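Undergrad: Listed below are the residues making up each chain.
Protein chains: 6
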Amino acid sequence: MATLPLLDDDTASAEARAVFDDIRAKRQTDHVNNFWRALAHDPAQLQQVWDRLQQVMAPGALDPLVKELIYVAVSVANGCDYCIHSHTAAAKAKGMTSAMHAELLAVIAMASQTNALTTALQVPTDERFKS
Amino acid sequence: MATLPLLDDDTASAEARAVFDDIRAKRQTDHVNNFWRALAHDPAQLQQVWDRLQQVMAPGALDPLVKELIYVAVSVANGCDYCIHSHTAAAKAKGMTSAMHAELLAVIAMASQTNALTTALQVPTDERFKS
Amino acid sequence: MATLPLLDDDTASAEARAVFDDIRAKRQTDHVNNFWRALAHDPAQLQQVWDRLQQVMAPGALDPLVKELIYVAVSVANGCDYCIHSHTAAAKAKGMTSAMHAELLAVIAMASQTNALTTALQVPTDERFKS
Amino acid sequence: MATLPLLDDDTASAEARAVFDDIRAKRQTDHVNNFWRALAHDPAQLQQVWDRLQQVMAPGALDPLVKELIYVAVSVANGCDYCIHSHTAAAKAKGMTSAMHAELLAVIAMASQTNALTTALQVPTDERFKS
Amino acid sequence: MATLPLLDDDTASAEARAVFDDIRAKRQTDHVNNFWRALAHDPAQLQQVWDRLQQVMAPGALDPLVKELIYVAVSVANGCDYCIHSHTAAAKAKGMTSAMHAELLAVIAMASQTNALTTALQVPTDERFKS
Amino acid sequence: MATLPLLDDDTASAEARAVFDDIRAKRQTDHVNNFWRALAHDPAQLQQVWDRLQQVMAPGALDPLVKELIYVAVSVANGCDYCIHSHTAAAKAKGMTSAMHAELLAVIAMASQTNALTTALQVPTDERFKS
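Protein chains in written order, with UniProt numbering: chain A, 1 to 131; chain B, 1 to 131; chain C, 1 to 131; chain D, 1 to 131; chain E, 1 to 131; chain F, 1 to 131.
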């Protein structure tokens, strides 16, 4: 259970409900995820995170699917169960195939392994990597 | 400093030197990074990591640059300084532009922020995310 | 489920039960939290943690509510679900208002974000920060 | 060394320099910390982080010193060396005494210890902590 | 729930089923743990992890029980709930007594505590520790 | 550099100096590690950590070398550079051979890898692992 009750359209403030409506319109769905409903206790934070998320995840030099893969990778390394579920679902919705998913997992596993070895060995950075 | 001395061609075992030579040949460089030289105290582990890394990072359903971006993201979340330096350099070598780098950082920052909020709020996973 | 059974007054040793009784007396409640009941398999560790916790969380240069906010922040960053629940509840019991809770979350989110950016950029420490 | 060169007034873009000037004015110092100079490669991100930081760290239901203590605690748990240095310095500048510092460290140590024990024991959350 | 369905003998590919059979034969049990059944979507990764695990956990300079204790310790620090459960069970199966378990927990708690203090204080490494 | 000056026999309080002397006597060395000298700003915390460390690391159901290996493993997963250096040195002093060190690293790498895979897949815990 959340540390705060999840708010719905009846219990959220008018400011929070306006963000819910914007999420529904932009994402073309009636469903507002639990993350937003937990965050709605602080409408200013809700608005700020939703606005920033749209900017950051919009198409740019990287395409939205690549951004979702990176989001999943960070969420795994940070151990955020909810985020792993929601962003894996988002990646699938944006076109992640089974083969891509398998390779994503393989890279995450490889990086986790070499991160640990490098840290355990306290390897000094090569001069050539310094910008 | 490393917790073990970095080995070079003179101090490494014949098995480790063979891996060094394979790294040089495959990467078309004379330089063998400190990571491999620290790992060379255990030639079997060195061989295993080098072999696996080539498989995992090869072109597949995801292209090698995308894989490097994911590698950097995991390394940042795990706080591996050496890995951040080496894989940021590798990503640049594989074509990461300044704009891509900026967007990579923005996604990592966004994910770190929402990971923390979701964890702090202990948001329960939506039924729709469950496969 | 816990990796060890939770002990109650009937199954705990006499030493552990004495700590349970002290917890009940000091906290003026009949309830002994699951954390203590899991820890009770090692009565010496139970006693040591309970004694130390009382010392550390007592009023001092920082007031107990501020200490609970710091405890929650560390627990979020370490991803300890139980600890987030128990210390968020403790902070509310010590006077954390909704507005304080919202600001606590905002600071945790901000720090998580800039921690990630700083690590990704490998920013060298300014001379002026060195004591 | 940083993964990107630190920018100064001569090498930063006009947009980034405007943020530098705002930092100088608001903080009443000539010094612009390395964090901002590394972030300046992406002026939009620089502006966004600086604006958000001011909002989040402003006096509110929690006072600025308490917010800095929370910031330090998160930075320690996330292992961000730069952030620990810069926010410990900021906390001192805002009035953190030696006694407060010692208690901050004691709470961080206590929380880290019980976080690990709780996770190792996989303690289930008490019903009474569920909101 | 897992982000991918758990596969069983009917739904797994022939390659994955062959790994399941090898696990059953080597471990002398009919049960194939959920970890392997989730990993079975990528039979090559399944095979690679299973092969490597057998090599790494085999008796050597360290005995298998000590290796399991180290595995539990890493899993606790990384906050992997499943791994904590499965490797605590494995350690018990390999002979971990209650007294050993209590000491394992005490060392993990102690290390977590001094890791946090050292990081908070940014203690520079003593020259004598440098190899 | 540390966030607080390292104290020596001249700058430490009488209480802290008494702990330094006890460390010297028990460890039969003149050297007091930087960790203790940074911690000495809070003599009560210094005393508490030193006392507890001796209890926890003493021979018991697990031998002191095994305890050091576990300490190193936790320190690697938590990314504490100082602690990795100091406890790797301590493990060598207590008899860790090169072969043991290599196996320690292999187990840490393996656990880090499967921790990440399990978390990414959100594998549900098998009923049989529940005590």
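Just so you know, the hints here were simulated from the structure itself, not pulled from any lab data.
Keep in mind it's a predicted model, so treat the numbers as computed, not measured.
One or more of the hints may lead you astray.
Residues of chain B placed beyond 10 Å of chain D at every Cβ, according to the derived structure [said to hold, decoys possible]: (1) D8; (2) S13; (3) F20; (4) Q28; (5) T29; (6) D30; (7) A93; (8) T125.
Now the in silico label distances, taken between C-beta atoms and shown as ranges [stated by the list, open to error]: (9) E:D21 x A:D9: 31 to 41 Å; (10) C:Q55 x D:P124: 41 to 51 Å; (11) C:D63 x F:A99: 48 to 58 Å; (12) F:H31 x D:G95: 28 to 38 Å; (13) C:Q54 x D:S13: 53 to 63 Å; (14) B:D8 x F:A99: 20 to 30 Å; (15) B:A99 x F:R128: 42 to 52 Å.
Below, simulated BS3-like cross-link-like pairs (lysine-lysine); rule was C-alpha separation at most 25 Å, straight line [said to hold, decoys possible]: (16) B:K26 x A:K130; (17) B:K26 x A:K26; (18) C:K130 x E:K94.
The beta-carbon is built from N, C-alpha and C at its ideal position, and this holds for glycine as well.
Undergrad: Work down the list of hints and note, for each, if the structure agrees.
TA: Comparing the hints with the structure gives:
no. : hint                       : in the structure
1   : D8                         : holds, 23 Å
2   : S13                        : holds, 32 Å
3   : F20                        : holds, 26 Å
4   : Q28                        : holds, 24 Å
5   : T29                        : holds, 20 Å
6   : D30                        : holds, 23 Å
7   : A93                        : holds, 13 Å
8   : T125                       : holds, 15 Å
9   : E:D21 x A:D9: 31 to 41 Å   : violated, 53 Å
10  : C:Q55 x D:P124: 41 to 51 Å : violated, 27 Å
11  : C:D63 x F:A99: 48 to 58 Å  : holds, 53 Å
12  : F:H31 x D:G95: 28 to 38 Å  : holds, 36 Å
13  : C:Q54 x D:S13: 53 to 63 Å  : holds, 55 Å
14  : B:D8 x F:A99: 20 to 30 Å   : holds, 22 Å
15  : B:A99 x F:R128: 42 to 52 Å : holds, 51 Å
16  : B:K26 x A:K130             : holds, 23 Å
17  : B:K26 x A:K26              : violated, 47 Å
18  : C:K130 x E:K94             : violated, 49 Å
Checked against the numbered hints above, the structure violates hints 9, 10, 17 and 18; every other hint is satisfied.
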